[in-house]
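Undergrad: Listed below are the residues making up each chain.
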Amino acid sequence: MGVTMDEAHEPTRGAHAIPMLVALLGDEVQPFELLAARCAMEDGADWATRALSSVSPAEQPREVWSALKNRCKAECVPARLSSGDPDALAALLRYCAALAGALRDQGELLSSTPSHEIQRMLALVGPFLPAPWDEVFARACQCASGRAD
Amino acid sequence: MSTPTSARFPDTQAAWIANQLGEGNDGLFRVCDHVMAWYRKPLVAYCRAVGLGAALRTEPDDIVNGFFASRLSEPDYLRSWQSSGFRLRRWLRNGINLFVREELRKQLRTEHIDPDDPEADASTEDPEAVDAFERAWAEAALEGAISVTKASLTAAGHLEDWELFWTVRVRGVPYEAVAEERRITIPQARHKVFEVAERLRDALREVLLRDGATPDQISSDIRAMMKAFHYGCHNG
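Residue numbers (this note's numbering), protein chains in the order written: chain F, 1 to 149; chain R, 1 to 236.
Simulated from the structure, these hints should not be mistaken for lab results. Cβ coordinates follow ideal geometry from the N, Cα and C atoms, glycine included. Only true hints are included.
Derived CB-CB ranges, DEER-like: (1) F:A74 <-> R:R190: 26 to 32 Å; (2) F:R147 <-> R:E23: 49 to 55 Å; (3) F:G84 <-> R:A156: 23 to 29 Å; (4) F:E63 <-> R:D61: 57 to 63 Å.
Generate the whole structure from the sequences, applying the supplied hints.
TA: Here it is, written out as structure tokens:
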């Protein structure tokens with residue numbers, strides 16, 4: 001369980017730096033930042049794969065993404081998210097996937113949150129996701145950046 | 001439980017450079033050492049990304065050395081920064097652009113430009129070069145903060161707590177597992193990790209304040225560093 005030589009010499013590798021920096025935000029941390037940190041950890045890709053196993057990354061109708069978003073939103077209990085509860089973070093990841101899917105497929109933002117904040121969330125989490133979800137999030141970011149709030 | 005960060009770590013770092021510059025040559029040397037230690041790598045990364053060495057037919061390291069030798073010997077250069085409103089790293093990045101232009105003009109023997117104009121090159125910066133600079137700066141800042149944190153833990157006889165923090169917060173090993181391995185309680189493990197995070201935040205806060213951040217900008221600066229590290233994810 002100790003620090004490996006690679007880790008000892010790469011404390012500022014992106015996958016290590018992101019969780020470290022999230023840890024420094026303290027009480028100001030936002031749930032999606034905790035999610036990004038979870039995805040950046042050494043087992044993050046496997047964890048994300050399991051969390052997204054019930055969601056298809058293929059093109060879907062708006063109704064499918066909307067239904068997924070609403071189910072996951074109910075599971076994202078703020079107190080559980082703040083404590084880093086794994087199940088709550090997994091629900092948040094599926095929630096993000098629903099937003100990303102709808103942006104990619106319909107160009108529609110299924111949230112009242114401003115698009116620049118959604119873009120920031122997707123941009124922070126996306127690079128640490130396994131294929132093809134990293135590409136889904138990247139394309140969704142492009143859609144979000146082209147929207148006017 | 002630890003005292004709040006703001007109470008444990010007064011905001012004197014924001015005035016550190018000004019205070020040092022008021023202490024004559026000894027203070028100037030301390031400031032120069034600080035600038036060269038913390039900003040060399042980001043400036044070299046920037047020069048390499050922009051290709052500033054090509055026209056001068058020299059290496060980025062030599063450009064940065066020349067820039068430091070030219071500017072840091074003058075106390076007024078850093079005094080000018082303090083009234084600029086820029087972060088120190090932005091000031092130095094602008095400054096090295098101007099320094100290279102000066103050197104080119106010396107080589108070509110053409111018209112003179114004002115070497116103290118901080119805005120001269122701000123509008124012509126390559127975004128990818130700026131990203132490379134910010135990533136190198138974030139790396140240097142975090143590496144330095146980690147070194148300071150480890151040194152303070154060592155002095156307190158608690159260096160092993162760094163590994164605990166790393167195992168839990170970076171590698172994601174559950175508290176239950178690390179507590180069992182170390183034969184401590186879970187609350188004890190949580191407290192140790194919290195203490196290390198506080199030390200690391202204090203150390204990083206010092207770096208950011210000396211760069212010109214205000215105390216209420218620390219969290220946004222940490223978020224900017226997170227964004228800078230994503231530049232490395234996309235670009236190898």
